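Model the full structure from these sequences, guided by the hints.
Chains as they are written, first to last, in the numbering used here: chain A, 1 to 449; chain B, 450 to 871.
Read the hints as simulated data drawn from the structure, not as lab findings. The reader is advised that the hints may include incorrect statements.
Said to hold, decoys possible - Once the Cα atoms are required to be at most 27 Å apart in a straight line, the calculated BS3-like pairs of lysine-lysine come out as:
#, chain 1, residue 1, chain 2, residue 2
1, B, K581, B, K508
2, A, K205, B, K496
3, B, K814, A, K205
Treat the numbers as computed from the prediction; the structure is a model and nothing was measured.
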Amino acid sequence: MGALEKLFYSPVGHAVSTRAGLTDPPTLRRGRTWPDGTMVLAPLGASTLVADTLDLLGLETSDPIVDAPADSPPGYGSRIGALVIDATDLTTIVGLEDLRAVLRPAVRALEGSGRVVIVAREPSGNWESKSVTRALDGINRTIGKELRRGATSNLVYVSADATPNDLLSTLGFVLQGRSAFVDGQTWHVGGASSIVDALSDQPLKDRVIVVTGAARGIGASIARILARDGATIVGVDIPAAGESLAGVANEVGGTALQLDITADDAGAAIAEHVARRGERIYGVVHCAGITRDKMLVNTDAERWGSVLDVNLAAQIRMNEVLLDPAIPGSVEDGGRIVGIASTSGLAGNKGQTNYAASKAGVAGLVEAMAPDLADRRITANAVAPGFIETAMTARIPFIQREIFRRSNSLSQGGQPEDVAEAIGYLLDPASAGVNGQVIRVCGQNLVGA
Amino acid sequence: MNSNAVIVGGNRTPFAKAGGPYAQASSHDLLTSAIDGLAARYGLSGKQLGEVAAGAVLKHPRDFNLTREAVLSSSLAPTTPACDLQQACGTGLEATIYIANKISLGQIDSGIAGGADSASDAPITVSEPLRKALLAANAARSTGDRLKALARIRPSHLKPLAPGVNEPRTGLSMGEHQALTTKRWEVTREAQDELAAASHHTLAAAWDNGFFDDLVTPFLGVAKDSILRPDTSVEKLSKLKPAFGGPEGTMTAGNSTALSDGAATVLLSNEQWAKDNHLPVLAKFVDANVAAVDHPAGDDLLLAPVGAVGHMLERNGLTIEDFDLVEIHEAFASTVLATLKAWESEEYCTSLGLKGAIGTLDRSKLNTMGSSLAVGHPFAATGARIVPSLAKMLHDLGPGKRGLISVCAAGGQGVVAILEAV
Ligand SMILES: NC(=O)c1ccc[n+]([C@@H]2O[C@H](COP(=O)([O-])OP(=O)(O)OC[C@H]3O[C@@H](n4cnc5c(N)ncnc54)[C@H](O)[C@@H]3O)[C@@H](O)[C@H]2O)c1
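So, in structure tokens, the structure goes:
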């Protein structure tokens, strides 16, 4: 800690910063926990998609209080845990008023780390209907920014053929504490004829999942969270990081593979490690990554090339091998690929052209892979972390770090486990309908799409 | 021995010069780290194994249960039994034999063999006069007697004694013994320096090729063997002053092993256990042998492995040509060279009761990934370093390939073994 940083966290510094308006950020609800208060379900039409999904999740719901055109809006009386809105029948601008009328009392009554979840259809129909679909996105993002005390708002678009079973893992994730740092986000769930009919505490039981960059930071946390969910972890990191990699592997009861992912035979080495154990890979999480930050005017070919190679090219090379069904130990049908993008890639970030290129590239990669792998029922998705508290971000100078950390709707940096939980959700066999998505885990960072 | 004991793999710390990066680490720390790296590589965390056998040569009294304590500190199940075993520089290989034998006899189905030594953390003892004075003071009945006993202590008695590396029966250090052998077998300085340079160069190449990526786990931030000098050369080595054998001696610090810190482990099991636990198998542990010489009567201290190898080959019906790779522990470059000469000597071999000379080794099969001169030699660890490395090399060559291990040890003993790739 630098002197400035120490002062900031000292009692005196704390008093000054509080007066300057920098309040302590809220403590977020995390893990496989549901909201405390009532779960309010607001169907805005005849659709029972959301009601049926909440049923599968075993959640009891109550009816919403609807804002009346009176002077003082009616209240819930006590704090509510979540408002889940089924907007799948919402197609008109007039209908948006129904949405406002359930949102207003609920937002006011939402508990700390409470949830607003809007479920809507993919854009379809006439001009008005399509624009209404998009309007929901604007509403969601704005609610996310207005909510306080760690409450979040997220929007899920579902395709017409998606069933409650397809939606189950997504609704479970957004309502539970696992989505603590996912706020103001929008993603899609397609129809996948999922037969999973309940949320499991160990959805990854006995499934082999490869995590690169597992020796520390976000990768280590991913290994821990996925192991908690039952996975058998193969942790990969460079040989020089072997000591901490071994510590993580032993902690989660997995295995360690010391390997530089930029090696030509990295994919083959991973497949061989798994094949030797007589297994096949269920999921690959490409978490290994590096930064070599410089303004573009100071970025030479070496800085450019090394970041693109580790963060993007190596991933493509490994995927090509690991997705070849003829190779023993490669990814099985119904498997999962998860990449780690970054809000720096989606929004751009000064001093990080090389990194932004690689991370936006990862987003492009999963979008490109998803349709190609669909016939093998393999999904490819990415998460895009914002500011996450790790050794990588601890290197950012203090003032800049404090600004980054607070410039999101939750006024704090995310924890590595927040990224890991989002990845666990994507890896869940019940998430078969989530494909080609890039989900930001950024607390609704001010920068970025 | 039936051939059911197989080598799954191994793990070691990088080896380092004594007093270097591991100066603050104990044998316990080193062994624990090596076991943990092994557990991580093969997914053994929380698992109970049949037994762990390991040892240290420079051993603290506090380490009376070194291996068991290391197991308890490690991620293995605390219900894994362990024992300490010690046979000087043969410890690591002898521990491997012990575990392999138990597996072959069906007493255990899996086990870890290993060794650790920290020359940095060597046990320091008090001098004999100080020990006697303290005992007398302790036994004294009156304060006066006690003071009298303590008054006998002289400043020189307070100097701590480093562990003796001299042979108790001859008073000669190992290097001095080997200097006699070097002279007797007419091993030249040039040949020694060539062997030493080759050891560094082959080890460096092995590191560059990633050979050790699944054999070594970093420790305390050290990722590679730190004694290794990739850029050394016969020319550079030839400039070093003699360290043993007087001013005319040919043995230098460059062609003798350095005092080292490190730990190594081998995972062994029967084939079924390996299969049940989804583990790869590199090689079979075929046979092993131990022999000793009468060095107090003038035998070459470090040539005991010659007889051990000869008798082991005869009983297996094998000749030296039947081996694809040979690992001879480089205690000193001249130990290896004298061993090779002894193998070729009809006279020496028959004097050991062998039917004839062991034969001439094709040098391209010898220590192909470096050996102790470049890696270092934490005494008890060396055998457990060689076994998994050789098993991996043989496995890479293909099923049926055979390898020979020869390790010399203090006290005029030799431990040897045969591995065969699966
Ligand atoms: N920390 C953040 O705020 C943040 C934000 C957005 C994205 N990310 C991404 O999340 C991932 C993890 O980030 P982190 O903060 O935990 O970083 P970190 O530096 O703490 O960990 C990265 C790990 O990857 C390993 N690695 C690097 N190059 C490798 C290679 N060639 N082969 C094998 N392993 C290699 C490193 O040894 C290290 O253990 C990275 O992809 C990073 O770009 C992080």
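Each hint, compared with the structure:
| no. | hint | result |
| --- | --- | --- |
| 1 | B:K581 with B:K508 | 22 Å, holds |
| 2 | A:K205 with B:K496 | 18 Å, holds |
| 3 | B:K814 with A:K205 | 47 Å, violated |
Going through the hint list in order, the structure does not satisfy hint 3, though it satisfies all others.
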